[in-house]
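Chains A and B supply the protein sequences, listed in that same order.
Under full-length UniProt numbering, the residue at position 233 of the first sequence is numbered 233, and the numbers go up by one with no gaps.
Under full-length UniProt numbering, the residue at position 104 of the second sequence is numbered 104, and the numbers go up by one with no gaps.
Just so you know, these hints were derived from the structure itself, not from any lab.
Take these hints with a grain of salt, some might be off.
Dumping the calculated DSSO-like pairs for lysine-lysine here, alpha-carbon to alpha-carbon at most 30 Å [what the hints assert, rightly or not]: (1) B:Lys334 x B:Lys272; (2) A:Lys303 x A:Lys132; (3) A:Lys272 x A:Lys125; (4) B:Lys336 x B:Lys235; (5) B:Lys180 x A:Lys303; (6) A:Lys324 x B:Lys235; (7) B:Lys180 x A:Lys335; (8) B:Lys261 x A:Lys324; (9) B:Lys163 x A:Lys324; (10) B:Lys324 x A:Lys303; (11) A:Lys48 x B:Lys125; (12) A:Lys334 x A:Lys303; (13) B:Lys324 x A:Lys334; (14) A:Lys335 x B:Lys272; (15) A:Lys303 x B:Lys235; (16) B:Lys261 x A:Lys303; (17) B:Lys173 x B:Lys303; (18) B:Lys335 x A:Lys324; (19) A:Lys336 x A:Lys173; (20) A:Lys303 x B:Lys163; (21) B:Lys125 x B:Lys335; (22) A:Lys180 x B:Lys324; (23) A:Lys180 x B:Lys272; (24) B:Lys303 x A:Lys180; (25) A:Lys336 x B:Lys173; (26) B:Lys272 x B:Lys303; (27) A:Lys324 x A:Lys132; (28) B:Lys132 x B:Lys261; (29) B:Lys336 x A:Lys163.
2 protein chains.
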Amino acid sequence: MNTTAAIHAMTLALNAAWEYQLLTFPNPAVGAVCLSDNGTVVSVGTHKRAGGPHAEVYALRDAYTLLSGDTTIAGCDDSHRIHDYLRTRHNGIFHTVSMAVTLEPCSHSGKTPSCALLIRDLGIKRVYISVKDPNPAAAGGASLLSDAGAECVFGIMEEEGEKLLEPFIRWQKSPFVFFKWAQRLDGTIDNGTISSQSSREHMHALRDRCDLIVIGGNTVRHDRPTLDARLVDGKAPDVLIYSQMGEFDQSIPLFSVPDRKVYVESSLERLKEYSLVMIEGGTSMFQASQNTCDWYLCYLAPKLGGGLQNMGPIQEDFEVLHAKITDNILLWMKKK
Amino acid sequence: MNTTAAIHAMTLALNAAWEYQLLTFPNPAVGAVCLSDNGTVVSVGTHKRAGGPHAEVYALRDAYTLLSGDTTIAGCDDSHRIHDYLRTRHNGIFHTVSMAVTLEPCSHSGKTPSCALLIRDLGIKRVYISVKDPNPAAAGGASLLSDAGAECVFGIMEEEGEKLLEPFIRWQKSPFVFFKWAQRLDGTIDNGTISSQSSREHMHALRDRCDLIVIGGNTVRHDRPTLDARLVDGKAPDVLIYSQMGEFDQSIPLFSVPDRKVYVESSLERLKEYSLVMIEGGTSMFQASQNTCDWYLCYLAPKLGGGLQNMGPIQEDFEVLHAKITDNILLWMKKK
């Protein structure tokens, strides 16, 4: 096995993890790949939702299914069942398998059993790891594996792994805050629905995971939004209306969503009480939150025309952290 | 082997081919993948330049290197040498290998030997093919393989394969024309260099392959461009300055490039004499060429601010055919 194969596998693992970036809150986004002894990719797994199977478990499940031909657990999403099944049925099939994981496999048993113990017990002899687990409760997976004779190779695409993990690191101490906007290719952000259905569903899935949405007072008055996650049957987060003027028409739909707190405040101090915060809006909200935002998420519709207003006069250089292309282009960015 | 594995492999083959879209002129962009018997990806190959090895040859070369451990031809770019070496040394290693190819393997021997004959002689038993070869001189590869007992499965991701092949189909009959522009995320297209170094190098590589560049008269007067391919040591294509007024300062650098024809004309009729045409410019050139362009290529810099003018008042909905993310975002599009 050469480094090229490990890097290729880690690239796949990172891309898989990005598909669920923020959606795994409060867990980190993680991707995992199983490799054959000559370095070819056998399976790719990704953590999708807190409480669900870890990335390693999905990758091991699919590698087992492919290599054994036994499809019993092929579609299974029950972490305990996959762990138990693999432990009793692996029959040495993993002895030639290596793994690439964006984050050190967890040592502890939480809502799901320990990944490191499973990897050890399946007899996997080599694990490529991008980033060491920064969570003391979950760390130690690598030494557990090393003690059992497995080789753990750290630092494969470490910089990319650290970027992937940034939100997770942040929300353990203070809120992770991202600014989201939708625009056309010509930069315009006004005049009707801009994003595709799949982009709006993704955005609702994010709302479902966030605990606070921040939005500008003018947008609330003008758009009269609901700010819920109805497209994915999700929960509606609390709302902070950022406004110097406190009076709002209470028939605006966002005020009638059950189990939601709505604040109308002229500062962003409230954010400190939350962990995952999405800021929605245009130019003025962008400017007001410029020192607060960790990341930026842009849904870009490949259209020219249809609007007038763009993000001017904002001046900002971004680094693209990850992009996803569907019928729209989804850009995860941070300031340079 | 299941269809999922074939689709995954074809996706990789398509993405690999897009890396060299238009750069293979006058050949088609083609990607190829070798798969092991359980469906894992062994190697990915792509055709890079007319006269160089075909995609299948690169994929077979790398599969051989990986599976045999023999690195003799690992870095070889000589098609004949790879063909000859594989034929004499394969030692049955390919009997469990399948392939996914975006275009039917060629049957004829041109600048390089026939891919279909090589695949047959290596004993490969299954080839997934996205699109049948539309070129009568090269077609027939699949029946040649079928006659030898190999299974050819057509139509895997056929729609995507046909999109990839569109320029090749077009330039065999009439010019393939694409409009290229660079913009910031806020849609602005003016005021200094917008694209990154790697984007400009890609654009110069395209210029090197094009036989004609079309540009508006105002851009020529204002930017005083050279319109060559110096960043990649490439050749400079002919230039058509699209202008109602025929007088230009002959000290503008584009007029002094050796071995170049420069036309100053008020119509686009001249395009019919060429095969691969890039139109560069802003709003007015976009509008003038709206009925002429097959595709659109946008280099998008992830920046806000720095310019004033965007593509307004153009109204256009695009389909994104392919996107590539580096420090810039490169979007291949066509009108919806």
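Hint check:
Proximity of Lys334 (chain B) to Lys272 (chain B) is assessed by CA-CA distance (about 20 Å); at most 30 Å being required, the pair is judged to hold. Proposed proximity of Lys303 (chain A) and Lys132 (chain A) is contradicted: the alpha carbons are some 42 Å apart, above 30 Å. Of the pairs offered as hints, the one joining Lys272 (chain A) and Lys125 (chain A) is violated, with about 44 Å between alpha carbons and a cut-off of 30 Å exceeded. Restraint check for Lys336 (chain B) and Lys235 (chain B): not satisfied, since their Cα atoms lie roughly 33 Å apart, outside the 30 Å limit.
A hinted pair counts as satisfied when its Cα atoms are at most 30 Å apart, and Lys180 (chain B) with Lys303 (chain A) qualifies at roughly 15 Å. Between Lys324 (chain A) and Lys235 (chain B), the direct Cα distance comes to roughly 34 Å. Violation of the 30 Å bound is thereby established for this hinted pair. Taking the CA atoms of Lys180 (chain B) and Lys335 (chain A), the gap is near 27 Å; set against the 30 Å cutoff, the hint holds. For the suggested pair Lys261 (chain B) and Lys324 (chain A), the alpha carbons sit about 41 Å apart, so the restraint of at most 30 Å is broken.
A hinted pair counts as satisfied when its Cα atoms are at most 30 Å apart, and Lys163 (chain B) with Lys324 (chain A) qualifies at roughly 19 Å. Restraint check for Lys324 (chain B) and Lys303 (chain A): the C-alpha separation of about 18 Å stays at or below 30 Å, so the hint holds. With a C-alpha separation of about 38 Å, the suggested pairing of Lys48 (chain A) with Lys125 (chain B) is violated against the 30 Å cut-off. For the proposed pair Lys334 (chain A) and Lys303 (chain A), the alpha carbon gap of about 24 Å is at most 30 Å, so the pair holds.
For a cut-off of 30 Å, the pair hint linking Lys324 (chain B) to Lys334 (chain A) stands: about 18 Å separates their Cα positions. A hinted pair counts as satisfied when its Cα atoms are at most 30 Å apart, and Lys335 (chain A) with Lys272 (chain B) does not qualify at roughly 46 Å. Distance restraint check for Lys303 (chain A) and Lys235 (chain B): the Cα-Cα separation of roughly 33 Å exceeds the 30 Å cut-off, and the hinted pair is therefore not satisfied. Note on Lys261 (chain B) and Lys303 (chain A): the hinted pairing is violated, with a Cα-Cα distance of about 35 Å set against a maximum of 30 Å.
For the suggested pair Lys173 (chain B) and Lys303 (chain B), the alpha carbons sit about 40 Å apart, so the restraint of at most 30 Å is broken. The suggested pairing of Lys335 (chain B) with Lys324 (chain A) holds, with an alpha-carbon distance near 20 Å, which does not exceed 30 Å. Between Lys336 (chain A) and Lys173 (chain A) the CA atoms are separated by roughly 23 Å; this keeps the pair inside 30 Å, and the hint holds. Of the supplied pair hints, the one linking Lys303 (chain A) and Lys163 (chain B) holds, its CA atoms being roughly 20 Å apart against a limit of 30 Å.
Distance hint between Lys125 (chain B) and Lys335 (chain B) is unfulfilled; the C-alpha atoms sit about 40 Å from each other, more than 30 Å. A distance of roughly 22 Å separates the Cα atoms of Lys180 (chain A) and Lys324 (chain B); the hinted pair therefore holds under the 30 Å criterion. Among the hinted pairs, Lys180 (chain A) with Lys272 (chain B) is inconsistent with the structure: their alpha-carbon atoms are about 46 Å apart, more than 30 Å. For the hint linking Lys303 (chain B) to Lys180 (chain A), the alpha-carbon distance of about 15 Å falls within 30 Å, and the restraint holds.
Taken as a hint, the Lys336 (chain A) and Lys173 (chain B) pair is broken in the structure, with Cα atoms around 46 Å apart against an allowance of 30 Å. Taking the CA atoms of Lys272 (chain B) and Lys303 (chain B), the gap is about 37 Å. The hint is violated against a cut of 30 Å. Simply put, Lys324 (chain A) and Lys132 (chain A) have alpha-carbon atoms about 26 Å apart, close enough for the 30 Å limit, and the pair holds. Our distance criterion of 30 Å between C-alpha atoms is broken by Lys132 (chain B) and Lys261 (chain B), whose separation comes to about 37 Å.
Taking the CA atoms of Lys336 (chain B) and Lys163 (chain A), the gap is near 35 Å; set against the 30 Å cutoff, the hint is violated.
The earlier numbered hints that this structure contradicts are 2, 3, 4, 6, 8, 11, 14, 15, 16, 17, 21, 23, 25, 26, 28, 29.
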